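A.B. asks: Below, each chain spelled out in residue letters.
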Amino acid sequence: MDDLYREIIIEHYKNPSYRGHLDPHDISFADNNPLCGDHIQIDLRVDKDGKVTEARFDGHGCAISQASADLLVESVIGKSLDEVKALNKQHILDLLGIDLGPVRLKCALLSLKVLKAGVYGLGEASDSLVE
Amino acid sequence: MSFNLQQIRKDFPILEREVHPGIKVVYLDSTATSQKPVSVIEAMDDFYRRSNANIHRGVHVLAEEATAMYEQARVKIAKFINAPSAHQIVYTRNTTESINLVAYTWARANLKSGDLIILTEMEHHSNLVPWHILAAERGVRLEFIPVTGDGLLDIDAYRSLLSQGPKLVSFTHMSNVLGTITPAQEIIRMAHEAGAITILDGAQSVPHLKVDVQKLDADFLAFSAHKMCGPTGIGALYGKTALLEAMPPFLGGGDMIKEVKLRSFRPNSIPAKFEAGTPAIAESVGFGAAVDYLASIGMEEISAHEHEIIDYALERLEEIPGLKLFGPTADKKGGVASFTFEGIHPHDVAQILDRDGIAVRAGHHCAQPLHEKFGISATTRASFYLYSTKDEVDKLVDGIYKVKKVFG
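For the record, the sequence lines run as chains A and B.
Read left to right, the first sequence gives residues 1 to 131 (the working numbering).
Read left to right, the second sequence gives residues 132 to 539 (the working numbering).
These aren't lab readings, by the way, just hints derived from the structure by calculation.
There are no misleading hints in this set.
The calculated lysine to aspartate or glutamate pairs, modelled on DMTMM-like cross-linking and capped at a C-alpha distance of 25 Å, are: (1) A/Lys14 to B/Asp529; (2) B/Lys533 to B/Asp160; (3) A/Lys14 to B/Asp485; (4) B/Lys536 to A/Glu11; (5) B/Lys504 to B/Asp287.
Stretch-level coverage of chain A by chain B, calculated; a stretch enters the list once three of its residues show a Cβ under 8 Å from a Cβ in chain B: (6) 4-17; (7) 55-63.
Now the stretches of chain B that chain A is said to cover, found in silico as 3 or more residues with beta-carbon under 8 Å: (8) 476-485; (9) 529-539.
Remember, predicted model here, so these are calculated numbers, not experimental data.
All residues carry an ideal CB built from backbone N, CA and C; glycine is no exception.
The shape of chain A in the complex, shown without the other chains (with noise of 0.2 Å):
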């Protein structure tokens, strides 16, 4: 339990570096968890390979949400639209280095929902996508 508010967690939460805005952009997508009111957006730079060349997200939410964001912005820079759609709930938990319980997972993974849903050029962020 003591492990959910590690300090990288409150560092990527209170100084996130990838928060912000790409214009333009390639793929930009947005949606919010009507649990917790918790939003994220996730815009991307894509080069002619297929390559995020640049990522950066914004939005409002708990700390689990938006250090997740941050960190999982960072983690696919460099990664092919192939190997982003590859990702699963694994890598998130892998970035935050801890466990989570059902609820708090769903704040966690907000932000791989949003990744994919733009990837993926969906309407809406489903939970099948990161299953």
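Starting from the known structure of chain A, arrange chain B on it as the hints suggest.
C.D. replies: Positioned in the frame of chain A, the structure of chain B alone reads:
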């Protein structure tokens, strides 16, 4: 019986539970659901061990016993809210189903396009969404009594809404977020003068206050067992006899009929008309035991205790720099304290409090429009009941200071 807090706490075995090694639960989430006393747990256990059978029409001993227990609980519940008779108590699954029952039967039989329903801005989703659905289907109009900055209903605005000739006024007796106790008797009287029927959402009031449907002149009262020391899965709808009798049935099936032909049926009399299918029988027994338990302590005593706790809680919470409380002053509310703290997300606050075993709720508490009104997406909510102590309030306050430390 006098109010003995130590004895009361002993009645609730879960309060001894260690939720983390060496850390006992500090349960401040009774507005979501209350804990259950031994007498309720044992009544249900005993029912399954000794008396379990399906009710009605069985002539064997167990069926007769189960039927008698199911109906005795109804009598107890009726008495608890001072209903004139037990057949005015319809068993439902919960408050939500009770409100939906009225929406699907009375409202669909009596309301047409353009008719006005008055709600309030502090309603739980369960008293909003059934009316949204009806509005989309029937074209009824919805208007809302505004909530003032200090968390009260604007009665002057209500008076002017009444001049538009509403057919129904459906409102909460106690806000599950602000704790505001609404002037139900006055609101109902004014509605009746304007020719409207009323639904009182008693989910938070019936567990905590002496609610007397005759004194209030309530047309309908909806409440849930699980928030008043009883089990989940059962609630009740009280209605005036003439209204219930004139209403069409709700769900169709067994028990709600007098006679069934291949192509037609005749509905049963009330309350069976609204109780299709095998109901929550053991839960009704638990509901009856819960009402017995609360009555044995006394609702006035319970209210007085909660008032003492919320008074103390507001005083202690107000001392914390950066903490903002929502809702009226202690004299106008029940045992609910919702707050925001220094821009730290309520989920984070609740999660850190949980380390010390403190159980609070974080989110919009099924009252999203109310949160939007106050310009926030979520709050942390601590709520109290007959078993809550000042020591638990102190633990909450200490916990909030720890939150501050974690977030530096």
